[in-house]
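Protein sequences, first through last, are from chains A and B.
For the first sequence, the working numbering gives the first residue as 1, with consecutive numbering after it.
For the second sequence, the working numbering gives the first residue as 476, with consecutive numbering after it.
Hints listed in this document are in silico derivations from the structure and should not be mistaken for laboratory results.
Glycine residues also receive a C-beta, built at the ideal position from the N, C-alpha and C atoms.
Treat the hints loosely; a few may be bogus.
Said to hold, decoys possible - Within a straight-line C-alpha distance of at most 20 Å, the following computed SDA-like cross-link-like pairs (lysine to any residue) qualify:
no.	chain 1	residue 1	chain 2	residue 2
1	B	K485	A	S269
2	A	K246	B	E561
3	A	K339	B	D572
4	B	K486	A	K339
5	B	K683	B	P640
As the list claims (entries may be wrong) - DEER-style ranges, computed between Cβ atoms:
no.	chain 1	residue 1	chain 2	residue 2	range
6	B	Q681	A	D251	52 to 60 Å
7	A	D251	B	G531	18 to 26 Å
8	B	R542	A	S286	39 to 47 Å
9	A	T342	B	P627	20 to 28 Å
10	B	G531	A	S286	36 to 44 Å
11	A	T280	B	D666	20 to 28 Å
12	B	D677	A	D273	21 to 29 Å
13	A	S269	B	E656	23 to 31 Å
14	B	V563	A	D240	25 to 33 Å
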Amino acid sequence: MNTRSLSFRLVAWYAGVLTTVFILLGLLTFFLLRHYLEVNLLDIQARRARQIADTLVARIRRSDETKLGGEVESLYSPEANDRFIRITRSDGTVVYASGAPKDARFDPVLVPPLPLGVPAADTRKVGPIGGSLLIAARDTKASDGTIYRVEVGASGAPSEATLKHVLMMLAVGLSIAVAVAVAGGFVLVRRALVPVERIAHKAEEITQHNLSERLPVVHSGDEIERLSVSLNHMIARLEDAIHGSKQFVADASHELRTPLTVMRGELESLAQDVLLKRETRESLGSVLEEVGRLAEIVEGLFALSRLDAGEAPAECVRFDLSDLAVTTAEQMSLLAEDKRVTLTCVSSGEVPVKGDRARLKQVVVNLLDNAIKYTASGGQVSLRVRHEGAYAILDVTDTGIGIPASALPHVFKRFFRVDGSRSREQGGAGLGLSIVKSICTAHGAVLEVSSAPGRGSTFRVKQPLANDDVSAQFS
Amino acid sequence: MRMLLVEDEKKVSDLVARALRAERFAVDVADDGNRGWELAEAYDYDLIILDLMLPGLGGTELLQRIRRKNQQVPILILTARDATAEKVRNFEAGADDYLTKPFAFAELVMRVKALLRRGPVARSSVLRVADLEVDRLTQQVRRGGRRIELTPKEYALLEYLASNPGRVFSRTMIIEHVWDESFEGLTNIVDVYVRHLRSKVDDPFQIKLIRTVRGVGYGLGESTDP
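Can you make the complete structure from the sequences, with help from the hints?
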């Protein structure tokens, strides 16, 4: 699971907050309950102590104090009720003390006597003697003026057991609540984020060739709808801008053609005039060469703008890429021979692809021409065609000068030259690879390049194999 | 032979007219579609050259009108647009050939001649330039009676140059005729082949037949250079 994903973070935050709140709530409940139970228990003891003091102790005299025990026993039977009762005279003599309780939760013998001179607190708690004992005390005057202290206590154990039970219920109940809430929250967040996934997926598919497509908009009225609508507006603006620049290139190439025609025509007729001086003819020739280069650039730009505009290919047929590669390599072999570069072509059987044969041939021609151009004499250029899975792979490898890593991402850009001065001497308009790239894109093929400067480069075209039941996909 | 040129770019029409007149054709020039239609209606031309981007009556419209009136006259389209779809549309409307600007004038003249020559024309199977013989049937080449062995591409190149002795062919024209459109822009391949051809056809002989006109292209014929 991606711990940085929005859904994970939302749910984690939500679960954390929920757990903290539940724990605090549980603790509060626990402590309040404990306090309430204790106060309640003490209150009961205090009332009983007052009862004993008022009804039994206040009526007797010192000489009758021995009867007190019997009366307390008969009225309250403290052992059977798990209670602690003790009556002490003010001089410290214990007049009566209850025995061990039936449930043996405390040992009355161990309950420390209240020291003399200490004013009888209303209540007190004696530490755990096999469980805490809550004791309420009351001082009262017998009918002859003797002061007695009545202490009534009860074990805190039952309420502690209750508390423990409550604590357990809270822990289990709250854990389940948190778990259910987190699971529910996760599902909700995931569901809320599904459109985001879809938008991201679609956005990845949109390139300059299918800018007319739009992101899916779910009319949910939420932020995601707003986001997809704004993104769609942005794509529309992009489309306008790209369309505008393509239109500009098309118009510009078009406008450049007429003057180029005139220049070329005038110069050509001049250049063929036999009465011209040799130098004049040379200059004319040089100008004509530049006009030719200009015309080539205009043609290249025009071809690119047409490819970019997604003009339907002239034809779409099934053919053998391997056959195309072999014949093209043959046609270009003299070019390689002339430079003393070895051109080899390796193919493994038929590799059927679908597309515009002439344009795909241009891909092979341009790649081979480039490879031969940038390979010094004695070097090697090899063309390999094979199929790999559902793809046709065409590799053009050379042992040429290579391309520096910093330039690799740019080699398919228009007019890009690794090193202006060197490349210019080799001729070309700087559009060859851009055209290759555009043709590949139009055929659903991927064009990749890898290179080691000084050792050579490999250009790879990876195109889906022709499938008889699938019509070729053109953008 | 009389032909009509409908082209609104004055400089282009001047050039084309000049090139055609140099070939002894009579050329009428119209600088907009309406004037072109008037002329086409009034005279019986042997060939019509039509620019597509015209003020007034558009080129395609004019093409359709001419075709409704006259099924026979060959029509050559000049255009600065060369989208395939448009080409197909114009061929369907009745165009016979198509030339995209910027074109070489030699190419224009060649195409005009080719259009006028259409139909059953008895052509000799052997092309002769000075003492060079190119036999189109057997694809054999002899010079001064001596047999010269050529590769198929070299032969195709030589035959193309010999088809119109004295004319200079641009590299682009040569590519289009001898190779195919995939090689457009790869003009250096022409230079390499011409060099190889020269080594076989010219080097062993005193008189050089393959001419280079810098910036323009190559031609075949006895050199007129001083």
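Checked hints:
no. : hint                         : result
1   : B/K485 to A/S269             : holds, 17 Å
2   : A/K246 to B/E561             : holds, 18 Å
3   : A/K339 to B/D572             : violated, 38 Å
4   : B/K486 to A/K339             : violated, 42 Å
5   : B/K683 to B/P640             : holds, 13 Å
6   : B/Q681 to A/D251: 52 to 60 Å : holds, 54 Å
7   : A/D251 to B/G531: 18 to 26 Å : holds, 21 Å
8   : B/R542 to A/S286: 39 to 47 Å : holds, 44 Å
9   : A/T342 to B/P627: 20 to 28 Å : holds, 22 Å
10  : B/G531 to A/S286: 36 to 44 Å : holds, 40 Å
11  : A/T280 to B/D666: 20 to 28 Å : holds, 23 Å
12  : B/D677 to A/D273: 21 to 29 Å : holds, 24 Å
13  : A/S269 to B/E656: 23 to 31 Å : holds, 26 Å
14  : B/V563 to A/D240: 25 to 33 Å : holds, 29 Å
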